[in-house]
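Sequences listed follow chains H and Z, in order.
Heads up, the first sequence is in my numbering, so the first residue is 1 and it goes up one at a time.
Heads up, the second sequence is in my numbering, so the first residue is 1 and it goes up one at a time.
Because the hints were derived from the structure by calculation, they are not lab data.
Check the hints yourself; a few may be wrong.
Below are the DSSO-like pairs computed for lysine-lysine, each with C-alpha atoms no more than 27 Å apart in a straight line [claimed, not checked]:
no.: 1; chain 1: H; residue 1: 252; chain 2: H; residue 2: 371
no.: 2; chain 1: Z; residue 1: 15; chain 2: H; residue 2: 573
no.: 3; chain 1: Z; residue 1: 15; chain 2: H; residue 2: 106
no.: 4; chain 1: H; residue 1: 631; chain 2: Z; residue 2: 15
no.: 5; chain 1: H; residue 1: 527; chain 2: H; residue 2: 503
no.: 6; chain 1: H; residue 1: 228; chain 2: H; residue 2: 141
no.: 7; chain 1: H; residue 1: 631; chain 2: Z; residue 2: 114
no.: 8; chain 1: Z; residue 1: 54; chain 2: H; residue 2: 106
no.: 9; chain 1: H; residue 1: 617; chain 2: Z; residue 2: 15
no.: 10; chain 1: H; residue 1: 242; chain 2: H; residue 2: 256
no.: 11; chain 1: Z; residue 1: 15; chain 2: H; residue 2: 525
no.: 12; chain 1: Z; residue 1: 114; chain 2: H; residue 2: 527
no.: 13; chain 1: H; residue 1: 228; chain 2: H; residue 2: 629
no.: 14; chain 1: H; residue 1: 23; chain 2: Z; residue 2: 5
no.: 15; chain 1: H; residue 1: 527; chain 2: Z; residue 2: 15
no.: 16; chain 1: H; residue 1: 256; chain 2: H; residue 2: 438
no.: 17; chain 1: H; residue 1: 53; chain 2: H; residue 2: 438
no.: 18; chain 1: Z; residue 1: 114; chain 2: H; residue 2: 106
no.: 19; chain 1: Z; residue 1: 114; chain 2: Z; residue 2: 5
no.: 20; chain 1: H; residue 1: 304; chain 2: H; residue 2: 438
no.: 21; chain 1: Z; residue 1: 101; chain 2: Z; residue 2: 5
no.: 22; chain 1: H; residue 1: 629; chain 2: Z; residue 2: 54
no.: 23; chain 1: H; residue 1: 629; chain 2: Z; residue 2: 114
no.: 24; chain 1: Z; residue 1: 101; chain 2: H; residue 2: 629
no.: 25; chain 1: H; residue 1: 165; chain 2: H; residue 2: 573
no.: 26; chain 1: H; residue 1: 371; chain 2: H; residue 2: 397
no.: 27; chain 1: H; residue 1: 218; chain 2: H; residue 2: 252
no.: 28; chain 1: Z; residue 1: 91; chain 2: H; residue 2: 629
no.: 29; chain 1: H; residue 1: 631; chain 2: Z; residue 2: 54
no.: 30; chain 1: Z; residue 1: 5; chain 2: H; residue 2: 525
Given the structure is predicted, the values throughout are model-derived calculations rather than measurements.
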Amino acid sequence: MARVGVFVCHCGINIAATVDVQKVIDAVLKLPEVKHGVEYRFMCSSPGQALIKKAIKDHQLDRIVVAACSPRMHLPTFQNALLAEGLNPYLVTMANIREQCSWVTKDRDRATAKAIDLVTRQIKRVIHHDPLDDIMVPIIKTALVIGGGIAGIQAALDIADGEQKVILLERSPSIGGRMAQLDETFPTLDCSQCILTPKMVEAAQHPNIEIRVNTEVKQVDGYVGNFKVAVERRAIYVDPSKCIGCGICQAKCPSKTAPDEFSGRISTRAAIYMPFPQAVPAIPVIDAEHCLKFTRGKCGVCEKVCPADAIDFADTPQQEILDVGAIVVATGYQEMDPAIYTEYGGMKYPDVITGLQFERLISSTGPSGGKIQRLSDGKVPQRIVFVQCVGSRDESKGHTYCSGICCMYTAKHAMIYKHHVPEGKAYVCYIDVRAPGKSYEEFIRRAIEADDVRYMRGRVAAIKKNDDHYRVFTEDTLVGRPVTIDADMIVLASAVEPNENAKTLARILGISFDADGFYSEAHPKLKPVETATVGIFLSGACQGPKDIPTSVQQGSAAASKVLSLFAKKVLYKSPQIAEIDEVSCSGCLLCLNTCHYGAIEQVTTQGKTKARAISGKCQGCGACVSVCKGKAIAFPGFNDDQLYEEITACT
Amino acid sequence: MHMSKDPKILAVLCKWCSYAGADLAGTSRFEYPSNIRIIQVPCSGRIDPLMIFKALIDGYDGILISGCHPGDCHYGTGNYFAQRRLAIARKLLETIGIDPKRLFFTWISAAEGKRFAEICADFHDHLLSLADSPKALAQEGIDR
Chain H
1 MARVGVFVCH CGINIAATVD VQKVIDAVLK LPEVKHGVEY RFMCSSPGQA
51 LIKKAIKDHQ LDRIVVAACS PRMHLPTFQN ALLAEGLNPY LVTMANIREQ
101 CSWVTKDRDR ATAKAIDLVT RQIKRVIHHD PLDDIMVPII KTALVIGGGI
151 AGIQAALDIA DGEQKVILLE RSPSIGGRMA QLDETFPTLD CSQCILTPKM
201 VEAAQHPNIE IRVNTEVKQV DGYVGNFKVA VERRAIYVDP SKCIGCGICQ
251 AKCPSKTAPD EFSGRISTRA AIYMPFPQAV PAIPVIDAEH CLKFTRGKCG
301 VCEKVCPADA IDFADTPQQE ILDVGAIVVA TGYQEMDPAI YTEYGGMKYP
351 DVITGLQFER LISSTGPSGG KIQRLSDGKV PQRIVFVQCV GSRDESKGHT
401 YCSGICCMYT AKHAMIYKHH VPEGKAYVCY IDVRAPGKSY EEFIRRAIEA
451 DDVRYMRGRV AAIKKNDDHY RVFTEDTLVG RPVTIDADMI VLASAVEPNE
501 NAKTLARILG ISFDADGFYS EAHPKLKPVE TATVGIFLSG ACQGPKDIPT
551 SVQQGSAAAS KVLSLFAKKV LYKSPQIAEI DEVSCSGCLL CLNTCHYGAI
601 EQVTTQGKTK ARAISGKCQG CGACVSVCKG KAIAFPGFND DQLYEEITAC
651 T
Chain Z
1 MHMSKDPKIL AVLCKWCSYA GADLAGTSRF EYPSNIRIIQ VPCSGRIDPL
51 MIFKALIDGY DGILISGCHP GDCHYGTGNY FAQRRLAIAR KLLETIGIDP
101 KRLFFTWISA AEGKRFAEIC ADFHDHLLSL ADSPKALAQE GIDR
């Protein structure tokens, strides 16, 4: 017979005030399995744990029940106490007599009766516990970072500086992400590319970083420490090993009508192109959709002018399997297309543009060389209206959430406009100004006070074209009157939203996303960069709207998680996972279809179909156990006998 | 009529969301009926309908099952499996003559301590309004 020791904690007065702990001890000592029972003020304290260790020795105890707080708090504490005394840590259970008893029951008699009941259940349960050994799994010490924006670059650099290998994956032709598109940054007005490009170059030159551009993730298998990631580099028709990045092809290409994604489609680019001059790697790609060689079957100018013989029209997509131990997802965001806002012209008016488009317009590397001019007639706008919350905080048409960055970048835009056109007028139509970051509020004040940007509280009702200018119908809610502004240009602060293929990638990775499509962190406060899938981490705006400083913080945080994972020699996995008994398995494979992780495989044993659990992949949810008709699946810790004992012990 | 004056409830809660929600009810000191016993499972997907039948026959007056909210399941889809399975379990309860209202299924997140306490109190009240408990029926050998 098992020799159970019961330890009841007072938790100061947290438990003892409502539960008569001595009565609990007296009651359970009557059970034949219980060989020892004792109460103490703080079981989790060192003397409390010493009490348990001593009792294990003195009374030859082989099962322990600690009646105290929630097992979510202190189960590991007591498991370690057992381990120190040479007892298997899976032979202790906890009765939650604080959170689920003393704190929710005022009546002392009732609380005591409930506590006795809860402890008895654990005694009956723990008898059915077997010693378990943690499962050892090796770690492949290479990290995959998906997304080459600032959040991904930062994570890659930090991991690489920690002497671990990193593969940095980017689907576009260059790393740099959204930050490369920006002109100046708030709240310091330093040039975005000036601070970003050194990091891009550092990533490219780092001996521990391998950059793969034009590449996307197709499939992910495996588990923490041992992921197999199938990736595909699309056909780019340029041989990266030969190309010297001289740019002659781009200059000579006769097809220059493709909309330029980098400028937010306010300008055009060549069919063979580098997205921007500082692209890393500096290797152009051919956009087959606009290349005359592909569309009309003739041209080939780039091939003729290329001094390095790097053009390869026969290029095909390249597939590869990457073996990595951890994955950082840093896929960023996209700007919402405000075309659904027909009241703002549905993006049909040439001088109604988005924030990101305005960003390119004021950038010295942008289509106008940094000159602020109207896209319709090239005139310098004398009045600009900045419309806030287009698609943000708008349940009717857009998203319920706040995009977080628009208040700040709009202040920056208005400020830069005023620096370019001092006699011009800038209006900001806002709902609330949200500036909670360091030096952010001061930045807003600077826009209002030093640069005379006019802030007007109210949501814009409509924008109408009126000859060569635009009429903005809004209101000033602080004064309480409708307002009409005639403007030459309108900038819509369009919402930050998840990339359109974010959900597809989430399904490939097996991570979850919230109602808005942003990736879900494992805990909103305490696990901000972990996902619920161990070994996959989040960085940047793919998890929610973020500015640059926060994205960088998260990149570093994700990197530190990867480094602490890689600092381990091997990984230990909970042994509380499914195990299928082949003899009793009928081969119905219901479990296989239930498993969310692909952790059950079909095997043939002596000509019969059987299911087999893959211990490395199993996450221990138990969904397969409850569908198994033949009760062929064991699930230590949550086996039927253990659960039924706990359920029926005191009925 | 054997109407239970203090219905006994079995709550089977997933460890990631609902068990944590029950803990939060305690941390926030939201009082609820004491005659409720909480069992932790890794995921609501682990819950086997047989557990429910056995518990009801063994003397519980009601079964409260809760998992993570849709989309929040730690194991992706376990809560959906639970939902479908329990819908069928309810039908089976009806077939064997047990009021299916004795089985209550919901989603409680780790942040919903207050909601957990309220649901316990409401379910307790609700069970009071029901007729004979399954065990009382069995003891009297009433053939339905």
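Hint by hint, here is what the structure shows:
1. 252(H) / 371(H): Given that 27 Å is the threshold and the Cα spacing comes to 26 Å, the pair holds.
2. 15(Z) / 573(H): holds, 18 Å
3. 15(Z) / 106(H): holds, 25 Å
4. 631(H) / 15(Z): holds, 23 Å
5. 527(H) / 503(H): This hinted pair holds, its Cα atoms lying about 21 Å apart.
6. 228(H) / 141(H): Since the Cα atoms of residue 228(H) and residue 141(H) sit roughly 13 Å apart, the hinted pair holds (cutoff 27 Å).
7. 631(H) / 114(Z): violated, 37 Å
8. 54(Z) / 106(H): Violated, at roughly 30 Å.
9. 617(H) / 15(Z): holds, 20 Å
10. 242(H) / 256(H): holds, 24 Å
11. 15(Z) / 525(H): holds, 18 Å
12. 114(Z) / 527(H): Holds: residue 114(Z) and residue 527(H) sit about 23 Å apart, inside 27 Å.
13. 228(H) / 629(H): violated, 33 Å
14. 23(H) / 5(Z): holds, 25 Å
15. 527(H) / 15(Z): With a Cα-Cα distance of about 17 Å, the restraint between residue 527(H) and residue 15(Z) holds, given a limit of 27 Å.
16. 256(H) / 438(H): violated, 43 Å
17. 53(H) / 438(H): violated, 50 Å
18. 114(Z) / 106(H): holds, 16 Å
19. 114(Z) / 5(Z): It holds: about 24 Å lies between the C-alpha atoms, which stays within 27 Å.
20. 304(H) / 438(H): violated, 54 Å
21. 101(Z) / 5(Z): holds, 17 Å
22. 629(H) / 54(Z): holds, 16 Å
23. 629(H) / 114(Z): violated, 37 Å
24. 101(Z) / 629(H): Status holds; Cα separation ~26 Å.
25. 165(H) / 573(H): holds, 23 Å
26. 371(H) / 397(H): violated, 33 Å
27. 218(H) / 252(H): Roughly 35 Å between the alpha carbons, so the hint for residue 218(H) and residue 252(H) is violated.
28. 91(Z) / 629(H): holds, 19 Å
29. 631(H) / 54(Z): Given pair residue 631(H), residue 54(Z) holds - Cα atoms ~16 Å apart, limit 27 Å.
30. 5(Z) / 525(H): violated, 42 Å
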